[in-house]
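Colleague: The listed protein sequences correspond, in order, to chains A and B.
Here the first sequence is numbered in my numbering, starting from 511 and rising by one per residue.
Here the second sequence is numbered in my numbering, starting from 97 and rising by one per residue.
Hints should not be assumed to be uniformly reliable.
Stated by the list, open to error - Think about it this way: if two alpha-carbon atoms lie no more than 30 Å apart in a straight line, the pair counts; the simulated BS3-like pairs of lysine-lysine are:
id	chain 1	residue 1	chain 2	residue 2
1	B	K259	A	K641
2	B	K419	B	K207
3	A	K686	A	K726
4	A	K641	B	K178
5	A	K760	A	K783
6	A	K577	B	K276
7	A	K528	B	K178
8	A	K577	B	K419
What the hints assert, rightly or not - Under 10 Å between C-beta atoms, here's a sample of chain A residues computed to sit facing chain B:
id	residue
9	Y539
10	V597
11	T605
12	Y689
13	A690
14	N777
No lab work stands behind these hints, which were simulated from the structure alone.
Backbone N, C-alpha and C fix where the C-beta goes; we use that ideal spot for every residue, glycine too.
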Amino acid sequence: MNIAATLKDRVTFIVGSKKNAGKTAFLNYALESLRPGTGVAYLSVGVDGERSDAVFGHPKPQIRAQKGDLLVTAETTLPASEASFEVLNVYPARTALGRLVLLRALREGRVELTGPENNTQLSAILSDLEKHKASTILVDGAVDRMTQAASHKKARLVYVARVEPENLQSALDAIKLIYAASKAPTYSNCESLFATEGGTILRQGGRALVPGAVTKTKLEGLLKTDKELVFEDPTKLFITHAEWAGLVKKYAVYFAMKPELSALIVNLYNVSKDDFLRKLDLPGLEAKLVFNPYTA
Amino acid sequence: MKPNWSLILTRHNMDKAFIFAEFDAFYAFYRPLTPYGRLARAALPFYDSAETLNREYDLTERFIAFIKKSRVQADRLEFHLKNMPVMPEDPPRVLNAAEIFLFKKFLSNTKAAFAALPSEIRKPLAAVWRSDELLNTLNLGGAGESFHLADAYAPELKTAREKLTAAGAELARIREEKLKGICKTYDLDFTKREFLVVDEARARKAYGSPDLFFEAYDSAGVIARPIFGPAYLELTAVKEKLHAEERAAEQKVLRELSALIKKEKEPVAGYLQAVERADVLLAKARLALEYGMTRPGLKKFPSPPALKNARFIPLETRLKALKLKYTPFSFKFSRRVNILRGSNMGGKTVALKTLAFTQLLAQTGFFVPAEAYDTCVYAKVHVAGDEETGRAEGLSSFGLEMNAFVRAYADTGKPCLIFMDEFAKTTNSDEAAALLSAISEDFCGNEQVLAFIATHFARLAPRRNAAFLRMKGFDNAAFSAYFLGRTPVELTEKLKMLNKFMDYEITNDTGPGGGIHDAIKIAGILGVNGRIIDRARDFMAAAGKTKPAEGGRSE
C-alpha cells in the first residue's frame, strides 16, 4: 500500500487499539512518507511526542517537525522544543498545558504534541487548519477512542493495532468489526435527526434511528417491526464482531456518517503473520492491512 | 458561548420582567463579534439614565448611517472585529510568543478597525490609534497574522541560529553518509525510519557492529537503530549548547517585547473599550436595520408610553411561521395606572408583553421595533402575575404571585414600571378584585409608579389617575356572517379563525362594572362540546348576566 497516496489531501485520524499500539511511530512514518510536500499538518488528541510515556514511563517515539510543517500544540511545550516556530493562531480553548497554538515550523526539531480535549475544539481547529491551507491533516488520536474521528465529516481512519498472544482474539475481533462497519452503507440526510432526538430510538416506519452508543443493552430495545437500523457512526459501536454479524443478518444496517477506513496497521508481537492471517480469515481485508511498517 | 440567561437576569432582580417579555428570544439575534462585545452582551446592562441612553441611541444612529453610507467599510470593520482575539488576562511579566502573537493580532485588527470607522464615530468612541511604534516592532516578527521571534530582534539570536543551522546541516550530512554505509554493508534501509524491526537470525550477523544498536522486540525479532559515531554525538552536544544560547537570546527578546507591551498598557485599555463599544453598537445598528427598529423618545418621568405600530418580535415571528396575521400595537396612554380588560385570547397579555418588551429594549440601549415609541426611564421594571414564568420553591401560584408583588412593591420608592397580568386569578374572584382594587388605589396615590394591569375582574373601584381600557376583542357580527355553522378542526385553523375576527386594538373602556362576555363563544370555537356551550349560556342567563354572544358552537 502506498501510504503517502492514501493519506494525501485528506484528514486522517490515527487511532489505536491500546496504549503503545504504535500510533505515534506510524505518524512519524506517515510524515516521512509525505515529505517533501506542502500543506502537511498534524496534531494530537491528548499529549504525544513526549520523551517517555506519561503512564508507563518507558521511552516513546519522538515526533520530529520539519521546516514548513503545520502543527498544533500547547504554548507551554514550545520552550522545550529544538525546533523553531512561527505562531499562526492561538485558540481560545485552554488545556491543562495552556492555550493551543497553530505553528509553522521554521527549523526542524523534536516537538511534543498536545491537542484539543474535546470534539468541538478539535472540529474548530480542523476548520482553521484548512483555512491555513493545510490539505493533508493527520490527527494522532487518543488511546482506544475512535469518537474523535466523528468530529470531521470527511475524515478517514487509520487503525493501529498492537497484536500479542494475550490479546490476539480481542484484537482480531476489533479489526473485523472495524472492517465490517467500514463496509456498511451510509444513510444520508439524517444527521440532523440525531442532533435533535436525544438518546431515544426514533422510528420512521420500519426504520429505527439509534442515537449514541450502540450497546447490547440498547439493541435489546429494538422491535420486531424494525427492518432497518441507522447508527450515528462506527465510533459509536460498543459491541463485538459476532454481535455485529448477528445484526446484519437480521437488519439492513446503515450509518448516518462514516469515516472511510484507509488502512489497518498491524504491529505483531510474538505472533506470526501467517498465524494472524489464518485466524483473521476475512477475505478482502488483506488489501487494507499494513504489517509493521518498520519491518526491515 | 451561550450565556447563562438566568444568571444574567438574577443580577437585575428583574428576571420576571425579562422572562415575561420573552427578551431572550430577541437577544439571541443580538450577536457581537468580539470576545469583548460578547462579554458586554452577557452583562446585559440596564440603563436608568436618560442621558446614558440618549448617548447610546446617538451612537446607534451614527452606526446606522455608517452602514447605509459605507457598506464596504462597515463590512471591513466587521471583518476586523471578527478577527479580534481573546487577549491574555492579567498577563505575566514576561509574555511568551503565543501571548505576543495575541497582542499583535489585537493591535493589527484594532488599527484596521479604527481606520474603517468614520471620524464622527471614532471621536465619541475615543477610537484613537497611537501604537504604531509598538506594532511596527511586533511586525518585525512576521507580516500579517503571524508572529515569531525573528532574527531581526537581536543580533545574538541571529548568530545562534546561523550556528544551529550549520550544525544541523553537518549532522544531516553525517547521518546520511552513515545510513548509506549501513545500507550497503548490512542491507538495512533506514530511509523514512528511525529504527527497523529485524528478524533475529538476520540481525545476529550484525551483532557487535559499531554501526548498529540492537534491543529486544519480541521472540522472533529485534529493533535495530543506527549508531552515528562520536563526531555525531559531539556535534549533537554542541547543538544542545547552541539551543541553550538561542533560548537565552529568545528570553531576552521576550523580556524586551513584554516591557514595550507593558508600557502601552494605557492605550491598549482604551482600545479594548473602543473595540467593545464599536462591536456592540455595530451589532445594535445591524439589528435595528434588520428589524426596522427606531429610536425611542425619552420624556421626563412620569410619562405614560405612546406606541405607534410596535411589534412584539417573538410573537410576530411565531405567527409568521403559522402564517397568521400579526397586528402591531398602537396606543397613547395618558394615565399612570392602566387597567386593561378584554376577551380571552383578545390580546391583553400580548399588549402587556409588547409594552414590557419595548420598554426593556429601550432601557437596555436598543432601538425598538415600532414606528414610534415615546416613554420615560424607570429605575426598575417588574412583573407580578403570570406565574408560569416563576419557580416553584414550595409556594403555590398565589404565594408566588404575592412574593413577586412584594418584590416589585419594594421598588416603588423610585420610578417603577409594573405589569400585572391576571393578578390573583387563582383565588376567589371577590377577594381577588378587592386586592386588585386596593393595589390600583395604592398605585394611583404613588407618583413613582406606572402600572399596567390586565384583568378579567369587572368590579374594580375607579380612581383618579387610573384609565380603564379594553381590548376591542371579538368581532361578533363579522364572525357570525363568516362562520355559518362551519366547524374548524385543526388547532391552527381555530387559531386562524380567532386571529381573523379578533381586534387586537386597545380602546377606552366605558368604566368599571361592564362585563366582557365572549369566553363561552371562544371556548366553542376552540372545540368545547356544543351542548356544554348551550348549557353555559343558560346558566349565564339564569344568573341574570348579559346574554353571552352566540356562535362558535361545535358538536
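Colleague: A separate judgement is required for each hint: does it hold in the structure or not?
Modeller: Taking the hints in turn, this is what the structure says about them:
| no. | hint | result |
| --- | --- | --- |
| 1 | B:K259 / A:K641 | violated, 34 Å |
| 2 | B:K419 / B:K207 | violated, 47 Å |
| 3 | A:K686 / A:K726 | holds, 18 Å |
| 4 | A:K641 / B:K178 | holds, 15 Å |
| 5 | A:K760 / A:K783 | violated, 33 Å |
| 6 | A:K577 / B:K276 | holds, 23 Å |
| 7 | A:K528 / B:K178 | violated, 41 Å |
| 8 | A:K577 / B:K419 | violated, 60 Å |
| 9 | Y539 | holds, 6 Å |
| 10 | V597 | holds, 4 Å |
| 11 | T605 | violated, 13 Å |
| 12 | Y689 | violated, 24 Å |
| 13 | A690 | violated, 28 Å |
| 14 | N777 | holds, 9 Å |
Taken one by one, the earlier hints fail for this structure at numbers 1, 2, 5, 7, 8, 11, 12 and 13, listed in ascending order.
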